[in-house]
Amino acid sequence: MEGISNMKHSGFQGTLLHRIIARREITLLVIIVLLVAAVGIRAPRFLQPGRQLSILNDTIILLMLTLGQLAVILTAGIDLSVASNLAFTGMAVAMWNMMMPGVPMIVLVGASILIGASLGAFNGVMVAVGKVPPIIMTLGTMSVYRGMVFLISGGAWVSAHQMSPAFRGFARFSFLGLPSLVWIGVLTTGLVYLFLNHTKGGRELYAVGDNETAAGFVGVSATRAKIKAFVLSGAIAGLTGLLWVSRYASAQNDTAIGFELETVAAAVIGGVSIMGGSGSVPGVVLGAVFLGIVKNALTVIGVSPFWQMAIQGGVILIAIVANTLMDRRNQARLSMNGVSA
Amino acid sequence: MSVSQRLVKTFVRWEAVLVVLLVGVFILNTSLSPFFLRRVNLLNATYNFMERAIMALPMMLIIIVGEIDISVAGTIALSSTMMGLAMQAGASIPVMVMVALGTGLLAGMLNAVIVLRFRVPSIAVTIGTMSLYRGIAYVILGNQAITGYPRELAAVGQGVVGNTMFPVPLAIFIVLAVVFGVVLHRSRLGRCFYAIGNNATAARFSGLPVDRYKAALFSLNGLVAGFAAVLLTSRILSTRPNIATAWELEVVTLVVLGGVAITGGKGSIYGVLLSVFTIGYLRFGLSLINVPSQVIGIITGLLLVGAIILPGLFEKLSNRMIIDRQLIPEIDSEATATDA
Amino acid sequence: MAEVVRLDDARKFFPGVKALDGVTMSIRSGEVHALIGENGAGKSTLVKVLTGVHSLTSGTVYVDGSSVSFRSPHDSQAAGIAAIHQEASMFPNLTIVENIFMGHHLRKPSGLLDWTTMKTRTSELCGRLSLKIPPDTLVRDLSVAQRHQIEIVKALSIDARVIIMDEPTASLSLKEIKELYELVRKLREAGTAIVFISHKFEEIFEIADTYTVLRDGRFVGDGRVADVTTDDLVRMMAGAALDRLFPERTPNIGDISLRVQSLRQAGVFEDISFELHKGEVLGFFGLVGAGRSELMQSIFGVRGRDGGSVIAGAVELKALRPQQAMKEGIAFVPEDRQEQGVVLDMSIVENTTLASLKAVSRFGFPNRRTELSTTARLAKRFSLRASSLLQVVAALSGGNQQKVVLSKWLATDPRILILDEPTRGIDVGTKAAVHSFIGELADQGYAIILVSSELHEVLGMSDRVLVMKEGRLVAEFDRDNAEAEQVLGAAIGATTAQRGA
Amino acid sequence: RAEGPADDDTLRIGLLVKSLGNSFFEAARDGAMEAAAELGDVEVIYQGPSTPTAEGQIEIIDSLIAQGVHGIAISSNDENALVPAAQRAQRAGIEVISFDSAVAADGRSIHLAPSDDELIGRSQVQAIAEMIDYEGQIAILSASSTATNQNAWIEWMRTALEDPEYANMELVDVVYGDDLSDQSYREAVGLFNSYPNLRGIISPTTVGVAATARAIQDEGLVGQVELTGLGLPSEMSQYVQDGVSQNVALWNPIDLGYAAIYITYHLLRGNVEAEAGAVIPAGRIGDIRVGEGLVAVLGEPFVFDASNIAEFADIY
Ligand SMILES: Nc1ncnc2c1ncn2[C@@H]1O[C@H](COP(=O)(O)OP(=O)(O)OP(=O)(O)O)[C@@H](O)[C@H]1O
Ligand SMILES: Nc1ncnc2c1ncn2[C@@H]1O[C@H](COP(=O)(O)OP(=O)(O)OP(=O)(O)O)[C@@H](O)[C@H]1O
Ligand SMILES: [Mg+2]
Ligand SMILES: [Mg+2]
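Residue numbers (my numbering), protein chains in the order written: chain A, 1 to 341; chain B, 1 to 340; chain C, 1 to 501; chain D, 1 to 316.
Keep in mind that the hints were calculated from the coordinates and are not lab data. Check before you lean on any hint, since a few could be wrong.
[What the hints assert, rightly or not] SDA-like cross-link-like pairs, simulated, lysine to any residue; straight-line CA separation at most 20 Å:
| id | chain 1 | residue 1 | chain 2 | residue 2 |
| --- | --- | --- | --- | --- |
| 1 | C | K200 | C | L459 |
| 2 | A | K200 | B | L313 |
| 3 | B | K266 | B | V178 |
| 4 | A | K200 | C | E203 |
| 5 | C | K186 | C | S29 |
| 6 | A | K200 | C | E206 |
| 7 | C | K119 | A | W307 |
| 8 | C | K175 | C | L138 |
| 9 | A | K131 | B | Y213 |
| 10 | A | K131 | B | V17 |
| 11 | A | K131 | B | V178 |
| 12 | A | K200 | C | S110 |
| 13 | C | K327 | B | Y213 |
| 14 | A | K200 | C | K200 |
| 15 | A | K200 | C | L459 |
[As the list claims (entries may be wrong)] Over 12 Å on every C-beta distance to chain D, these chain A residues come out as not near it, computed from the model:
| id | residue |
| --- | --- |
| 16 | E25 |
| 17 | N57 |
| 18 | V107 |
| 19 | R146 |
| 20 | L176 |
| 21 | G190 |
| 22 | L194 |
| 23 | F195 |
| 24 | T223 |
| 25 | V245 |
| 26 | S280 |
| 27 | V300 |
| 28 | G314 |
The C-beta atom is built at its ideal place from N, Cα and C for all residues, glycine as well.
Pulled out of the complex, with its shape left as it was, chain A reads as follows (with noise of 0.2 Å):
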């Protein structure tokens, strides 16, 4: 005779079908394929290989960023400040690289870790020492950090002509087919998905995110939990700003502005819960993806300039909706199939 609480979810003990539908990850997948295939039509250039490329290379930033905002947001905090510490960073290995062309490239990508990950780690200690929320924090930061490249730079850019052909050539140069940009990005999400997935301080985040009551209760330390998280989003952040201004040879003073807002989107698209504790890698790849896409497309179908925000907008909405209904759709049929069977 079993219990009857353990009757109920034996449903659960679910096909594998039952288990691939209930990641909302497909759903998305699904809209994106069918957004793809709309484009196509319309513009059949869209479709061709090349292409793709292209837009996974417009999207490798973005997508990065939104790996280090995965983090934060998953310890049920937020990062305002992302696209700021881009900007300086990059800002001042550019710099760097100007004043000294010598200087090999691979200490510029530790230097701009470090300094990323260094204005990070200043947000991560007032959260989760000094207990400052991170909305406040990271809003705060976004206008210091910003305001910092103005005073490194005295409000002037680097441009290409400064930099030195390494540095310029850093974010282009092809590999086995693909741009180190592309190799950047996908180490990256490697490295991002093995830390949350597979290593003890990964998933703590998710514990402290999601209950940071009982995360005390078997002695994870939300404190040191909160600051790897920041530390993460601000060293690739910083990773970020180096790319940054070596794809696009100049940098300034508003590199990137706006940018933060955009990755919570990509995150929020990509089924990162934003109370913390629930969200994974490929969601973020494909909310990047997603987003990506969509800027893309909206430029390559000839849509009316004019039009496009409104379009990426309501896009945007109707796949967080879509999104969110799936998944409770879901979650509804499971349950009631846990209680029926």
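Chain A is fixed; fit chains B, C and D with the ligands onto it per the hints.
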């Protein structure tokens, strides 16, 4: 000292910090620029931040019930656009104002419907509608600007009350602040807002119409954004789809610097008032001595963080002192008592 | 038997509260040690001290005779102490495996997590509790009872020498409680020390070997359970003897005040019809998961329904809004007080008047004085333990929070009271107060629904008992013919008791 | 407040730019400082919002009014929205002119245009025409869709394209990169994809032209898609030398800032009246003639090509 007294103290202390900041801003600015402490300058400076200040009032309520609205700036752009279309269609000023308010209200209601009907987090929804609303303004206006508003319209956003030097927007803000303050702190509604923000489930189980209140607040936020659009349009007597760019985060900043917890359930009108004037006059004072805007950004950013961190530090220190002074001696006396 | 953990003159002060004030306690291996005391006596605080969540203000913790200081739950876990906390301490969005291994994940030599082993271990541990849920089920998809069982599995997973259970049976059904007893006994035999916190005396006498009683954070006494009676314990806890657990009363049943007809919500409850009379206490018994809470929530209007009707007095409650039910005089004390009952960050006063704000307001503005007097009256009635009525509810002990919820609903001046597990987590003294109070209200002509998983309470209080099983009403008993065994049998479904038997 | 400054006052002139942290305006500031140093009794206050918004500029205008400056020279983000604030300044006795990007006529006295709108539009079309042999599809990549000066130039480009010598050229699209590198780059790539036969792009904006050059380079379209536009030599030097763009044009922002200060100065000192036909001496630049609508034109855009861009790259 009970926990509640302690909370009350923290709360009071928060506002105390803001008062100190505001006074500090005044002293600093007065010593740095001879132009700061002139009545006309102090009054005129407010024109520039009153739209955002007014937006902070309903945003405060939205954040207190545990939601957020990122689409306000987009709503302002859209409302101003509609107002401009009405003007071009020959509408009188009152009709134009109604159109702006109506547009804002509709935008707010759409937010409410999506958030509440589909149960999507409001930050996600309003990031979407932020682009949608401003995007519609772009669709309508393209690269055109609407100009040719009647000069009388200027009386709202640029005008003064009667024969005084008192700016109309400031007067409106003060009236609204009083209304919002009374509603939040004295009325049944305000109590319900705090309860919803703290625990929406318990509020619903206590018979409060949680969704209806939230819907009303989103709509109100839109309505007030429509009104802010009237003020802004009247101040610049023209409309472009890119007006009020990035104001959403500035309005949120005003509210959270005012001590309103972003997680909901906590905050006061006094804090928001203080933060409005602290930030407003800090920026004004710094620009009087021609500090570069980016540096002003750094200073306000640090202020935001500092204003949060300092009270916490004080509290920690004073708590340690309370425990030191009150509890330890007691333990000592007991210890000696058992020794004896 | 060997002493594993010893607490010596432990004190824990929160600003303004002395939660522990000179507690001495000795925990031995192979013993079940009951920790008892009224709500707010300091039991949970003691648990948190022993698990490194709180640090002591003064005093010493000894493990194996040497003094230790736990700076975090890690230290305490390393010393072999595990706890099942009173508050929900799970990660709803994570899987069962993760919930069990969070904080002490197993790793492969490479340093990466060893999911395979963790899953196997989980299945193994669940097996010991005869739990059959896939290890990668999300905890948010589990029932309350299942969650509790996972908590127990979690404690097992670290091979603790001391396991502390803070009211572990509060939301378990009888069968699960039985299983828990089994497990506790097994653990005891294996030499584990168990600290068992409960407000239910039957439980203490059934399972515990020794006891420690706390009152107001002070140590009152300890000894062997075999040497004392319930009355002794009650006297130690409350400082005075208690008259009776259930009030004596002669029911005066009047007209029908609530009629539920064929109410159903697909997959949750089906075909529910019953009538509730004025002056009647109608008990709802069932195992955890029988769907009673959901039924009550649906009647009150905070949960949807797929068919059927609810008629209060002469009015049919159609709108799915609690306001309508409240207008017809229905009050509903929900089962989950932290989630559904109280607003933790608001004061006692504000919580108490939350459902009756209109009554204490004039022109839409709450009147401070009326609010205070209303609250003070109710607080006195329930002997609420608080330093001030302006204290935030978060700072109250669980039982006292429950009293605030009861006060809130009495303040609405209801005619029909639906009480869902009103005494869960409440100490005996208060429990008796609540019981006599239910009696009084019924005598005054209130109609009362009492949902409870405590058989004694249902039998002792109700004029009529309805039994639910898997979402259906399966039996009805009058006060006179409600025998414990039959009622329980109907709920479990062992004997096929027919409705109206 | 008294009309006009006293003779022995040091004149305080605000140079209000679209936004701080923009190399173009940093150069204009240098010119303004140079003029101030030459004139002696002028103090330049260089200000601008942190992002290019009209609201931010209005705030600064009000602060300049409050601190009692004598004159303001504005490069505006929105010609209409600044009018009420500019008029407030005028009512306070402040001399308001605009430079680079105009304030509408009722909000300023003189506007110093870097060059004639028609001339800019036509010469850009002529430049791209020469690069593509007067044949093929071209597109325009502009800054924000609300930028007035860009829109005026684009209008003139359209007009010019109706001339018979451009009959074989087709303007296929106008897109907007919002003066953001990533957006401009994406729009440029979008153009390549939408119009496989595209021969040339005109990007009359400094951020846009650099990002487009980068995109052409990245997509391997050098030589296939020609590029011209208005670009800072410092930003474009690399691309012109790499052959991505044969030439770009721009006026000298240093001269622009320099002349703006001279004009304001002479107006304030009462040396000239703000009226059509007035001639204002502007130091090393020589005389500036005020034309119809009180618009003064600085000169013709200067064309930078591989032969000369390097030497300017270090200047601005
Ligand atoms: N974090 C805290 N801050 C302030 N006071 C606290 C805190 N935690 C507990 N208290 C107070 O300490 C006292 C003891 O609380 P505790 O939770 O230990 O009681 P308990 O014996 O577990 O009661 P119950 O049976 O109701 O669970 C109570 O008066 C409570 O209000
Ligand atoms: N996590 C869940 N997922 C799916 N269905 C659930 C879940 N929890 C509860 N249910 C459904 O709700 C019904 C009632 O659950 P619940 O445990 O609240 O019953 P109850 O009789 O009120 O018990 P108690 O009040 O003693 O906790 C269950 O039979 C089940 O169908
Ligand atoms: Mg307890
Ligand atoms: Mg229940």
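Status of each hint after checking the structure:
no., hint, verdict
1, C:K200 / C:L459, "holds (16 Å)"
2, A:K200 / B:L313, "violated (32 Å)"
3, B:K266 / B:V178, "holds (18 Å)"
4, A:K200 / C:E203, "violated (39 Å)"
5, C:K186 / C:S29, "holds (13 Å)"
6, A:K200 / C:E206, "violated (41 Å)"
7, C:K119 / A:W307, "violated (51 Å)"
8, C:K175 / C:L138, "violated (24 Å)"
9, A:K131 / B:Y213, "violated (30 Å)"
10, A:K131 / B:V17, "holds (17 Å)"
11, A:K131 / B:V178, "violated (31 Å)"
12, A:K200 / C:S110, "holds (12 Å)"
13, C:K327 / B:Y213, "holds (19 Å)"
14, A:K200 / C:K200, "violated (39 Å)"
15, A:K200 / C:L459, "violated (50 Å)"
16, E25, "holds (26 Å)"
17, N57, "violated (8 Å)"
18, V107, "holds (23 Å)"
19, R146, "violated (7 Å)"
20, L176, "holds (18 Å)"
21, G190, "holds (24 Å)"
22, L194, "holds (29 Å)"
23, F195, "holds (27 Å)"
24, T223, "holds (33 Å)"
25, V245, "violated (9 Å)"
26, S280, "holds (26 Å)"
27, V300, "violated (5 Å)"
28, G314, "holds (19 Å)"
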